[in-house]
Amino acid sequence: MAEINKNEVDIVIGAVNADLTQFLSSWRPFFSGFHLIVVKDPELKDELNIPDGFDVDVYSKTDMEKVVGASNSSMFSGYSCRYFGYLISKKKYIVSIDDDCVPAKDPKGFLVDAVSQHVNNLEKPATPLFFNTLYDPYTEGADFVRGYPFSLREGVPCAASCGLWLNLADLDAPTQALKTEQRNTTYVDAVLTVPLKAMLPISGINIAFNRELVGPALVPALRLAGEGKVRWETLEDVWCGMCLKHISDHLGYGVKTGLPYVWRNERGDAVESLRKKWEGMKLMEKSVPFFESLKLPETALKVEDCVIELAKAVKEQLGSEDAAFTQAADAMVKWVQLWNSVNSSE
Amino acid sequence: MKPTPMLKDELDIVIPTIRNLDFLEMWRPFFEQYHLIIIQDGDPSKTINIPQGFDYELYNRNDINRILGPKASCISFKDSACRCFGYMVSKKKYIFTIDDDCFVAKDPSGKEINALEQHIKNLLTPSTPHFFNTLYDPYGDGADFVRGYPFSMREGAITAVSHGLWLNIPDYDAPTQLVKPLERNTRKFEQTSFAMPPFFLEPVLLFYLLVSVLVKCRYVDAVMTIPKGTLFPMCGMNLAFDRELIGPAMYFGLMGDGQPIGRYDDMWAGWCVKVICDHMGWGVKTGLPYIWHSKASNPLVNLRKEYNGIFWQEEAIPFFQSVTLPKECTSVQQCYIEMAKLVKEKLGKVDPYFIKLADGMVTWIEAWDEINSPDGAKAKAPVGKDK
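Note that the protein sequences, when read in sequence, are chains A and B.
Residue numbers for the first sequence follow the numbering used here, beginning at 254 and rising by one.
Residue numbers for the second sequence follow the numbering used here, beginning at 530 and rising by one.
If a hint is listed, it holds; no wrong ones were tucked in.
If you want the ones that stay clear, here's a sample from chain B, every Cβ over 12 Å from chain A, calculated:
{"no.": "1", "residue": "Pro558"}
{"no.": "2", "residue": "Phe560"}
{"no.": "3", "residue": "Ile577"}
{"no.": "4", "residue": "Glu646"}
{"no.": "5", "residue": "Gln647"}
{"no.": "6", "residue": "Met809"}
{"no.": "7", "residue": "Arg833"}
{"no.": "8", "residue": "Gln862"}
{"no.": "9", "residue": "Asp904"}
With a straight-line Cα cutoff of 25 Å, these simulated DSS-like cross-link-like pairs (lysine-lysine) come out:
{"no.": "10", "chain 1": "A", "residue 1": "Lys358", "chain 2": "B", "residue 2": "Lys635"}
{"no.": "11", "chain 1": "B", "residue 1": "Lys870", "chain 2": "B", "residue 2": "Lys885"}
{"no.": "12", "chain 1": "B", "residue 1": "Lys709", "chain 2": "A", "residue 2": "Lys377"}
{"no.": "13", "chain 1": "A", "residue 1": "Lys450", "chain 2": "A", "residue 2": "Lys548"}
{"no.": "14", "chain 1": "A", "residue 1": "Lys482", "chain 2": "A", "residue 2": "Lys432"}
{"no.": "15", "chain 1": "A", "residue 1": "Lys259", "chain 2": "A", "residue 2": "Lys344"}
{"no.": "16", "chain 1": "A", "residue 1": "Lys450", "chain 2": "B", "residue 2": "Lys856"}
{"no.": "17", "chain 1": "B", "residue 1": "Lys856", "chain 2": "B", "residue 2": "Lys870"}
{"no.": "18", "chain 1": "A", "residue 1": "Lys587", "chain 2": "A", "residue 2": "Lys548"}
{"no.": "19", "chain 1": "B", "residue 1": "Lys635", "chain 2": "B", "residue 2": "Lys531"}
{"no.": "20", "chain 1": "B", "residue 1": "Lys607", "chain 2": "B", "residue 2": "Lys885"}
{"no.": "21", "chain 1": "B", "residue 1": "Lys600", "chain 2": "B", "residue 2": "Lys885"}
{"no.": "22", "chain 1": "B", "residue 1": "Lys856", "chain 2": "A", "residue 2": "Lys548"}
{"no.": "23", "chain 1": "A", "residue 1": "Lys432", "chain 2": "B", "residue 2": "Lys531"}
{"no.": "24", "chain 1": "B", "residue 1": "Lys640", "chain 2": "A", "residue 2": "Lys358"}
{"no.": "25", "chain 1": "B", "residue 1": "Lys640", "chain 2": "A", "residue 2": "Lys361"}
{"no.": "26", "chain 1": "A", "residue 1": "Lys529", "chain 2": "A", "residue 2": "Lys432"}
{"no.": "27", "chain 1": "A", "residue 1": "Lys361", "chain 2": "B", "residue 2": "Lys635"}
{"no.": "28", "chain 1": "A", "residue 1": "Lys343", "chain 2": "A", "residue 2": "Lys555"}
{"no.": "29", "chain 1": "A", "residue 1": "Lys319", "chain 2": "A", "residue 2": "Lys345"}
{"no.": "30", "chain 1": "B", "residue 1": "Lys537", "chain 2": "B", "residue 2": "Lys620"}
In short, the hints are calculated from the structure, not lab data.
Since this is a predicted model, take the numbers as computed values, not measurements.
Here a beta-carbon is modelled for each residue, glycine too, at the ideal position from N, C-alpha and C.
Let the hints inform the model, and build the full structure from the sequences given.
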C-alpha cells in the first residue's frame with residue numbers, strides 16, 4: 254500500500270463506553286503518529302479512561318456546548334457524538350471506528366491496518382459508472398477487465414470508504430436474535446465501488462471519508478425514539494449513509510465498500526434489543542422509495558446545498574409519515590448551519 | 530447445510546472448440562454426469578477428440594447450416610461466439626458454458642473447486658439487485674442481510690445469470706495484456722506461476738518461456754448481485770444462466786470470419802442481457818466460482834480483433850445505459866426485438882456493422898423461436914453422439 258500523509262488524517266472515536274484502554278491499546282500500532290479526536294457521549298456519566306502515548310484531544314458535553322450551544326448538544330448524544338468530531342476536525346480525511354472494535358487478522362494471520370487501508374481507498378479513484386468484475390482496478394495485481402470502456406478508466410474522486418467486520422457482523426436485532434451463534438468468519442479480499450444509483454446500508458462502525466469533499470453530507474439526523482447504546486438500537490448511520498450515497502451520486506463522487514475489516518467484540522443482547530419497539534424497520538421501508546425516486550436539483554452543486562435540498566424533500570415527502578423524519582430534516586438544516594459557522598471561522 | 534441439487538437432467542454444458550477437448554479429463558468428476566453440447570468451430574471435416582465416457586452431442590458448421598438454413602447467417606464462424614448455437618438447441622432449463630482452456634481451480638485451502646456446483650447454488654438462490662448488501666450474497670452459508678437492509682426486499686429477485694471469474698490468466702483486453710504481460714490473478718499463498726502462452730514462436734515474445742513470477746493474488750471469496758441499472762463486462766469463459774428465463778437474449782453476436790470485430794461477443798450479450806434482466810426484475814450475480822484459465826492468447830492478434838470494439842464500445846455503453854424498454858415488452862423475445870430495433874436506429878450511424886448486427890439479432894430470435902417451438906424438434910440430429 255502507498256505511504257499516507259498522517260497529517261491529512263484525523264481518527265475520530267465516539268466514546269460510548271468510558272474505558273477506552275483495551276480499545277486504544279489494541280489499535281496503538283496503527284493509530285500511532287496520527288491525531289486522535291475522542292468525543293465523549295454527552296449522556297455518559299463516567300470519566301473517560303484513556304491510556305498515555307497518543308496525540309489525542311478529548312471533547313465532552315461542555316466543549317460541545319461551547320461550540321454549538323446548549324440546545325444543540327443533544328444532536329450529538331449516543332453514537333452521534335462522533336459527528337461532533339467530524340465538525341471540528343480540520344483534516345482532509347476522517348477515519349472513524351466504534352469503540353468496541355479491535356484490529357482484525359487477515360487470512361495470513363497479520364493484523365489489518367484499517368487506517369492505511371481506508372486512506373488508500375480514499376486516495377484512489379472510485380468507479381461507480383461501470384462495474385469491474387475484478388473489483389478495485391487500481392489495486393496491485395488487478396486492472397480493468399476486457400470490455401471496460403477506456404473513457405471510464407480514470408474513475409472519479411472517492412468520497413467514502415465503508416469497511417466491514419469479522420466476528421460480530423453489523424446485523425439487525427431480529428437477524429442476530431434468530432441466529433444467536435452466527436459470526437462472520439469470511440474474509441472477502443476485495444474493495445469495490447458501489448455503483449451509481451445503487452442504494453446500500455452504510456454502517457458507522459468502521460468508516461472513513463473525505464471530509465473536504467463531502468463532510469457536511471455526513472448528517473447526524475435520524476434518531477429512533479428508543480435509540481440506545483448498542484448498534485442494534487440505532488439507525489443514524491444508515492440514514493446518514495443513504496443521504497451520503499445520494500449526494501455522492503449527484504455530485505459525481507464514488508463510495509467504496511469492502512476492506513478493511515475490523516474485529517467486532519461481543520456486546521449487547523440482540524434478544525433484549527428486540528423487546529424494544531423496533532421502529533427502525535418501519536422507517537427504512539418508508540425511506541427506500543423516497544431515495545429511489547429522489548432527484549436533487551441540477552442547481553445544487555455544493556454539498557451543503559445538496560443537504561438543504563435533501564432536507565426539504567424529506568420534510569415535504571416523509572414528514573407526514575413519521576415525526577422522526579421531520580426531526581431528521583430539521584437536524585440536517587441545523588447541521589449545515591453549524592458546519593458553515595464552525596468551518597468559516599478559520 | 531442442504532446439499533446442492535445436481536440438476537443433471539436440467540442442465541446442459543455448452544463448450545465451443547476448434548481443437549480438442551482434452552481439458553474435459555480434469556473436469557470429469559464434476560461433468561461426467563451431465564449432457565454436453567459441443568460446438569465445433571472452424572473446419573467441419575476435422576475430427577475433434579473427446580475423452581471417452583461423456584454424454585454429448587456435437588455440432589459442426591455443416592450441422593448449423595443444415596439445421597438453420599439461411600438463418601445460420603446469425604451464427605458466427607471462426608469465433609467462440611458460435612457457442613450460442615448450443616444455447617438455442619439445448620432443451621434444458623440451465624446452461625453452463627466454459628472455454629476449452631479453463632481448468633479446475635483450487636481455493637485458498639487447496640481444495641478443488643466444483644465450479645458447476647457453485648453456479649447451480651448461485652442460480653437457485655435469489656439475487657438482490659434493488660439494494661446492495663455490504664456482506665455480499667446474503668443467501669450464502671454463514672451470510673445474511675446487514676442492519677438497515679429493508680425487510681420488504683429480503684425475498685430478493687430470481688437469478689437469471691451467474692458470472693464466474695478466473696485465476697491465473699485474467700480476462701484483460703489487448704492493450705492491458707501488452708502493458709502487463711506478466712500479471713496473473715492467482716490463488717492466495719501460491720507464490721509462483723509459469724507463463725506458457727502459445728505464441729512462443731514469436732521471437733519478440735520468446736522471453737515468456739520459463740518465466741516464473743512472484744505475484745500478489747486475489748481469490749475473492751464472494752458472490753454478489755450487480756445492482757439494477759449497472760452494466761458490466763460479461764465474460765463467456767465461465768458462465769451459467771437460466772436458459773428458460775434469459776436464453777433468447779444470450780446471442781453472442783456477429784464475430785470472427787468476415788466480421789470487423791472479435792472478442793466482444795460475450796460483452797455484447799452481457800449488455801443486452803443486463804438491460805433485459807433489469808427490465809424484467811431478474812438478478813445477475815458475479816464472483817465465485819473461479820476456474821483456472823491457462824491460455825494467454827496472443828495480445829497482438831487480440832488487438833487486431835478488438836480494435837474496432839475499443840472505439841465502438843464508447844458509443845455502445847451510453848446507448849445501453851440510456852435504453853428504456855417499453856412496458857409492453859413482457860417477454861424476453863419482445864425485449865430483444867425492441868433492442869435490435871434500437872441498435873439499428875441509434876448505433877447504425879456509428880458503423881454499418883451495427884445494422885448487420887441488428888439484423889442478426891432478429892434472425893437469432895426467429896431461429897430461436899423456430900427451434901424451440903413445439904414442432905421445432907424436427908431439427909435433425911447432429912453428427913456426433915456418444916456414451
